[in-house]
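Undergrad: Okay, here's what each chain looks like letter by letter:
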Amino acid sequence: MLGISDPWVWMTYLICLIALLFCGIYGYINWNKDSDDDDGKH
Amino acid sequence: MTVSTELTIGIVAFYLVMIIGIGYYGYRRTKKVEDYMVAGRNTHPVIIALSYGATFISTSAIIGFGGTSAQYGMSLMWLTVLCIVVGVIIAFICMGKRIRRIGKDLGALTYPELLGKMYGSKKIIYATGAIFVAAMPLYTAAVLIGGARFIETTLGIPYMTALLGFAGVVALYVVIGGLMAVMYTDAVQGAIMLVGMGVLLVLTYIYLGGVTAANSALDSMGSLVPSTLSSMGMTGWTSMPEFGSPIWMTVITTLVLGVGVGVLAQPQLAVRFMTAKDGKSLNRAIPIGALFIVMMTGVAFTVGPLTNVYFMDTVGMLAIDAAGGNADSIIPLYINSAMPELFVIIFMLTLLSAAMSTLSSLLHTMGTTLGGDIFARMKGVRYSIRANQIGIVVMMIASVILAVMMPGSIIARATAMFMGLCTAALLPAFVHGITSKNPSYLAAKWSMTAGAGGWLLWAVFCHLAESKMLGICHALFGVDSLVSSPWCYLDPLVVGVVLSVTILLVLIPMDKHKITHEDQMRLT
Chain A
885 MLGISDPWVW MTYLICLIAL LFCGIYGYIN WNKDSDDDDG KH
Chain B
2 MTVSTELTIG IVAFYLVMII GIGYYGYRRT KKVEDYMVAG RNTHPVIIAL SYGATFISTS
62 AIIGFGGTSA QYGMSLMWLT VLCIVVGVII AFICMGKRIR RIGKDLGALT YPELLGKMYG
122 SKKIIYATGA IFVAAMPLYT AAVLIGGARF IETTLGIPYM TALLGFAGVV ALYVVIGGLM
182 AVMYTDAVQG AIMLVGMGVL LVLTYIYLGG VTAANSALDS MGSLVPSTLS SMGMTGWTSM
242 PEFGSPIWMT VITTLVLGVG VGVLAQPQLA VRFMTAKDGK SLNRAIPIGA LFIVMMTGVA
302 FTVGPLTNVY FMDTVGMLAI DAAGGNADSI IPLYINSAMP ELFVIIFMLT LLSAAMSTLS
362 SLLHTMGTTL GGDIFARMKG VRYSIRANQI GIVVMMIASV ILAVMMPGSI IARATAMFMG
422 LCTAALLPAF VHGITSKNPS YLAAKWSMTA GAGGWLLWAV FCHLAESKML GICHALFGVD
482 SLVSSPWCYL DPLVVGVVLS VTILLVLIPM DKHKITHEDQ MRLT
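So the protein sequences, as listed, match chains A and B. If you read the first sequence in the numbering used here, its first letter stands for residue 885, the second for the next number, and so on. If you read the second sequence in the numbering used here, its first letter stands for residue 2, the second for the next number, and so on.
In short, the hints are calculated from the structure, not lab data. Any given hint could be a false lead.
[What the hints assert, rightly or not] The calculated lysine to aspartate or glutamate pairs, modelled on DMTMM-like cross-linking and capped at a C-alpha distance of 20 Å, are:
#1 B:Lys278 to A:Asp918
#2 B:Lys281 to A:Asp918
#3 B:Lys123 to B:Asp481
#4 B:Lys124 to B:Glu519
#5 B:Lys105 to A:Asp918
#6 B:Lys438 to B:Asp106
#7 B:Lys105 to B:Asp520
#8 A:Lys917 to B:Glu519
#9 B:Lys469 to B:Asp481
Okay, chain B solo, but in the shape it has when bound (with noise of 0.2 Å):
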């Protein structure tokens, strides 16, 4: 479908220039440090439900993984099941709740904050600051690539030119603004999503027949799994992998676990939470967020499969030999080949505002990380607008250099990547943190180590997906992975969970000296 470029353009400035105003909206109610950080803890349920999802789901989501379903097929929505189980149903309720009111007691403005003063731990804060400013910007060089790349191929711009004008728009408004200025930004883009996800769904049924129609003529394709792909354990689009297999492996353990479980342990997520007025606002944004999650992430794992359908009926080939075997190419691909031009237009717009909803959500948590956690803490002064400013252009330029750098096809493998680092070394500290009177900082410091370091051990020297692309295990020992299939294909995180869960459970009985409120309330 050819777009015109007059209309696009004129699309997409108002839209630059409506976010942008929002943006300027929230830099106007911006006035004290806590507005900065936590929008002032007053915000209203529908934008925190819309700024959760929007954060939450990215191009990432979108383009990454519905490429990888379109590849691995509807098994993936085992990852929507956990998205609204684990995502909305246990973070809201059990975690939430929790997190908002203690964050509040305890004076806490950021995430590194909350956990190191739920142990009384500057340490903590620091150790939990470093893995934020190293893996943050792997996960946002993905958003970033996943945001150009759609611009490049829909608007025509040169890939440079829309990574750096896309950067630049985004760190503009959260530098000026903060979280005010992302929340605003994000409930607006989250409505787009919602949306350009439903118009997706409905036009892809309406031209591949009706639901039956097309899911039966989907599940009659299992014949055309490609060899590579059926020898690694894949029975069809419709159907789950063989049970243990490698592509069974890398579906459960890297994108279902390490996503879906994940998403607990999500820095941008949880200060989300801290920005509601009372348990009250949780409550009320619990539909909208459930409903926004299972949109996003259910239509596109839908879609990605039957996008090969569409490729079988038009081009006589898989969606994944059509996009030229760039996963990440396939829905863009689909969007652009089947869709009318004014859906061309505002699934554009959908994208953006997933790239743009999660980038500066990101950016602020980053930024907040170096500026206010790291730096400002080791000066000795405590939160400040103009060193978490500094922070965030500081982390906007790493990223976009790491953007630069990265190979193609790592969109979906990068996100992975990040939650499964944060999940594996800090959820079970933080949900000790949040569910115990008396939390033990001993068991929460080795929890934390044991879990990044099995993390990365496993990264480094076993998971085929980390290990032959770093090539460190290579170097030394000649091989790609010291594990044979399928535990290469084991995920990381697994791993790390499991240290860091055992050491919690080990030696929490054992320490005798339990932080209490007082400890807590000690560190400044």
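Only chain A is shown next, with the shape it has when bound in the complex (with noise of 0.2 Å):
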């Protein structure tokens, strides 16, 4: 893929694309809460 022929170096590249849109809708989805108040510690 774009020149690169082993899979297991391109994946690496999908995979930063990937975790990059996710954490992009995570903080847009959770913009507003405060959720480190409830998981029970303290």
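Build the complex from these two chains, which are given one at a time in their own frames, with help from the hints.
TA: Structural data, given as structure tokens:
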């Protein structure tokens, strides 16, 4: 893909892109959520 | 590319005045010790994200690891994957929010204090502090060397002058302005780094004829891998090394795991979470933090290998040969040879920013550890701004001395060593502390001891990269390593973490006296 023949290498670019998308969506969905006060500790 | 000295000096002078001015702004906003230590626990999400990223990414990541990837290829992109998955997603979502909340609840101002308070133990504060004070100057010295070397080659300033000037400017704003000055300057420096690395990627691909053409050219260079590297498992610059080979061991266990997982145990990064006002601030910081980390490491590990195509086209040799065998010189040489004048200056500011932002955070962490967690506590007082300022100055002097003494091409190695030790000794106990309502002090104590001990023994007697450099194994046993290939390439981090996690898991159920919230609050 894009000139890189080893899938174990081009896969890294794909994973980075997916992770980046995940972070963007997570930030957007939880923009106004203060979600760290209810997970059981203290 | 010849760079106009007057223009460069003018831009650098403007940059330094701006950074010191921002540092002064941080100083003006610092009213109490909480401001100095955790930026008043009220930092803007964008500043948290950029400061986290700029602290994480130093010249080691760009010059050192960029040069290493020029040697070993794009397999280092797995480190970028770990950096975003572990260093951003897990760090912010799973750990950052807990660190912020528990830190505020227990009133902790530093990483050692947070860890110690979670286990109600002063001994843990001292032990953690001792690890940082002993090991962090190694990483700091590596950052200093990276910054000074680039200033030397770009501005033509003598190396020692560059080293001392660089250290002096950063120490100035860290000492006076504490974490507010550090984080505000980090944010500006982070923005410069984003621009610099973005332009570097685009210009590199334009110069090499486009993404597919450039990657294909590198892909077709597999037959040019030096025999010394191919015999150790390297197959090309766009392919993974042979599974289990010495290079695979180095790339995966030292560089990828050492740094990619080690990020979770970094005290200077964990403190960033304690500066957030609430969980919302951390949620908002995640997208920017992720973009930043991918742009920094991803560009370095892509452009690094591609420099081989450039140097093969222009001077008919591999990047490492063009750089005279010194991997740390590859990226600076490429920038100075291939890039237009204006970009050489922008990239110099990018590297200066990377070095200054990491250095300032390390200095702040080391100084507050020495001045606050160790000296002030030993004298029976808590934290004071003055004690921390003295701690910062002392640790800066120690790091400069180490930077002068350290051998040439070990920037990436020193970084991996520091992160490896932190991870092996602290990460399992730290994760147990933030995830368990009633953590086990017994398990944490022995986990830390086993992790640090295992890491140290493997580094001194088995892992060739350190054992050969230290020479202790050779002096005692007449050999550089007590184990044979490929085990002599297995990073001490793996041994240390396996030991510390095993001890932790075995002892947690056996401990009948778990720590309660009252125990935690009792420790002042």
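Undergrad: Now look at each hint and say whether the structure bears it out.
TA: Structure-based check of each hint:
no., hint, result
1, B:Lys278 to A:Asp918, "10 Å, holds"
2, B:Lys281 to A:Asp918, "5 Å, holds"
3, B:Lys123 to B:Asp481, "38 Å, violated"
4, B:Lys124 to B:Glu519, "18 Å, holds"
5, B:Lys105 to A:Asp918, "15 Å, holds"
6, B:Lys438 to B:Asp106, "13 Å, holds"
7, B:Lys105 to B:Asp520, "16 Å, holds"
8, A:Lys917 to B:Glu519, "29 Å, violated"
9, B:Lys469 to B:Asp481, "5 Å, holds"
Hint compliance for this structure: hints 3 and 8 are broken, all remaining hints hold.
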